[in-house]
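J.: Take a look at the letters that make up each chain.
Number of protein chains: 2
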Amino acid sequence: MSDFTLDPRLKNDCHLLGSLGLSHLLLVNNALLPWFILVPNTTEIELTDLSPQDQATLLEEINRVSRFIKANFEISKLNIAAIGNIVSQLHIHLVGRDPADYCWPNVVWGTTEREPYTSERLNEITTALTTQLGDLFSNT
Amino acid sequence: MSDFTLDPRLKNDCHLLGSLGLSHLLLVNNALLPWFILVPNTTEIELTDLSPQDQATLLEEINRVSRFIKANFEISKLNIAAIGNIVSQLHIHLVGRDPADYCWPNVVWGTTEREPYTSERLNEITTALTTQLGDLFSNT
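Heads up: the protein sequence lines correspond to chains G and L, in order.
According to the working numbering, the first sequence is numbered sequentially starting from 2.
According to the working numbering, the second sequence is numbered sequentially starting from 2.
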């Protein structure tokens, strides 16, 4: 993925946790809820323009990260979305939601309330990813 | 799909256009932009809890409807999302977006502005689906 360039707005808003087979895995710097983002290594803008092979790989990565969120955070619902109205680089939001969170039942997009992660919490999450996702996750 | 029950809030907000292989195809009654919804015939709540077979089928239905939207409406971006914070019945939003639309670049969820479809426009869309999606689409 050496020629991959992450959109500067994603880079600014998120921690880059590492890589999966196709996608980079980001965490929005907002500890108020678990908000991960997958950024596939592609120049396509639309999910539906990916090759069938890349779609299948991305779907598996969505499944794995979704299960990681359900297993590691107190959530009751997942929000999975490809939007891209502002940042067109293809990216998939994976957000764990709960009636107790700061913007339930509204969507997180457009909200501005944020609580930055501590380095300790970030390390915990990265360690859990390394342990639970095994070879799929590369902490680079 | 005889035992399928559509959530009454989806039923109230949308026109039921017909069925694909796995999903019912709805159109939100808002002619301000093309806003389709796929409702898979399942009792699962989360996309990632579908069987691999159903996930693959749903992905293909997402692809087909996405291409239909791109081919038939003046849009520049697709928003594809499974949210379900309010209506938990699994449903996938497929929304054609454009800088000229009423809420760009914000997301459509949470907006209340609506313009109902005319019966003529609804018939046009259903006819186009029948023509372009072929055997996949059943206008029931």
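The set of hints was computed from the structure by calculation and includes no laboratory data.
On a predicted model such as this, the values are computed, not experimentally measured, just so you know.
Among these hints, one or two may not hold up.
Which copy is meant is left open, because identical chains are indistinguishable; a pair holds if it fits in one copy or across any two.
[As the list claims (entries may be wrong)] EDC-like, lysine to aspartate or glutamate: derived pairs with alpha carbons at most 16 Å apart: (1) K71 / D102; (2) K71 / D99; (3) K71 / E45.
J.: Take the hints in turn and mark each one as holding or not.
T.: Results of checking the hints against the structure:
1. When the C-alpha separation of K71 and D102 is checked against a cutoff of 16 Å, the pair qualifies only within one copy, where the shortest distance is 15 Å, while the shortest distance between copies is 35 Å.
2. For the identical chains of this complex, K71 and D99 are intra-copy neighbours only, at 11 Å inside a copy versus 34 Å across copies, given an alpha-carbon limit of 16 Å.
3. Proximity of K71 to E45 under the C-alpha cut-off of 16 Å is restricted to the inter-copy arrangement: shortest distance 15 Å between copies versus 29 Å within a copy.
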